[in-house]
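Residue numbers (my numbering), protein chains in the order written: chain A, 1 to 84; chain B, 1 to 228.
Among the hints, a few may not be true.
[What the hints assert, rightly or not] Label-pair ranges, simulated between beta-carbon atoms:
{"#": "1", "chain 1": "B", "residue 1": "Asp101", "chain 2": "A", "residue 2": "Glu62", "range": "41 to 47 Å"}
{"#": "2", "chain 1": "B", "residue 1": "Leu227", "chain 2": "A", "residue 2": "Glu62", "range": "15 to 21 Å"}
{"#": "3", "chain 1": "A", "residue 1": "Leu81", "chain 2": "B", "residue 2": "Pro153", "range": "19 to 25 Å"}
{"#": "4", "chain 1": "A", "residue 1": "Lys29", "chain 2": "B", "residue 2": "Ile218", "range": "33 to 39 Å"}
{"#": "5", "chain 1": "A", "residue 1": "Leu65", "chain 2": "B", "residue 2": "Lys92", "range": "16 to 22 Å"}
{"#": "6", "chain 1": "A", "residue 1": "Leu81", "chain 2": "B", "residue 2": "Thr168", "range": "44 to 50 Å"}
{"#": "7", "chain 1": "B", "residue 1": "Leu227", "chain 2": "A", "residue 2": "Leu31", "range": "27 to 33 Å"}
Read the hints as simulated data drawn from the structure, not as lab findings.
Note that beta-carbon positions come from the ideal geometry of N, C-alpha and C, so glycine has one too.
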Amino acid sequence: MNEIEILLEKAKVYFLSQNYNEAEKLFLKILEKEPDNLDALYHLGVLKEVIHELEEARKYFERVLELDPENREARERLDKLAEI
Amino acid sequence: MEFCVIGLGRFGSAIAQTLARKGHEVLAIDRDEGRVQELEDKVSQALVLDATNEKALKSLGLKDFDWVIIAMSQDIEASILSTMLVKEAGAKKVLAKASSDVHAKILKRIGADRVIFPEREMGQKVAESLSSPRIFDYIELSPEYSIVEIVAPSAFQGKTIKQTEARTKYGIHIIAIKRKQPKMEDEKNVTYKDLILVAPDPNEEILKGDLLVILGKIENIEKVKELK
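Kindly produce the complete structure, drawing on both the sequences and the hints.
Below, the structure written as structure tokens:
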């Protein structure tokens, strides 16, 4: 596991344990090192959805789709957000 | 339960299909053959029939239905006439869709048990949610009281319901909490499931991102909305 992978795992653990502030910090730290990290961008989108910052969530999913237009998960999330 | 839906425009056909999907017996009626055909496979029975025709309506045995829904509202005359006729035919309960206040008044006067304004109600909800992004849903109970769904203000986060002093200080009741609970979707991705805690325990802690369904006087709800 490289450093990014370790950070990602840690961030997901924080996310799962509902420690959203710490999770967000770590996901952002990953983006500082790798601004196009799809995993971090996608999970930040999901996290923003969970804490009801829906505009922010939308931006992260749109960024994922810019980088990977075929990304099915991000597309589904965005479609769902448009219904709210 | 058994329902009869009269008028199969967008509103009526949505009602008919949703009730049928939920496993209810639904008789769907319209005078337009095309609309009836579209619903044929989706409800228990679909009939081409003019609901302002007294004889035709009486042949339906409306007494046996739990609810008769008069879903057309553009043609006010037809809506009023069929509401009256279905009541006369012995329908137990009638719900009618109104297009204006005067229309609603007449419908009530002639015996509609419930009158609704879908456009107006939807309009209020959309206006509430656009003008206050923290409001997600809104139900007016009376001019004084309403139920709204708001994102938990920071001032409430990390506190139990009791500690928020929602009732004693703000005069509102938290009647439910809607929460997105993170979980693993597969080995790689985190997703969430939607939880609803109805009538939550006073010791339940409010988390960041919780949606609170609150009931109270509108002026008190406004105060809570202003909390950071």
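Hints and how they fare:
1. B/Asp101 <-> A/Glu62: 41 to 47 Å: Roughly 43 Å apart at Cβ, these two residues keep to the hinted range, so it holds.
2. B/Leu227 <-> A/Glu62: 15 to 21 Å: Given about 31 Å between the Cβ atoms, the range is violated.
3. A/Leu81 <-> B/Pro153: 19 to 25 Å: holds, 22 Å
4. A/Lys29 <-> B/Ile218: 33 to 39 Å: Given a distance of about 44 Å, which is not inside 33 to 39 Å, the answer is violated.
5. A/Leu65 <-> B/Lys92: 16 to 22 Å: violated, 52 Å
6. A/Leu81 <-> B/Thr168: 44 to 50 Å: violated, 37 Å
7. B/Leu227 <-> A/Leu31: 27 to 33 Å: holds, 31 Å
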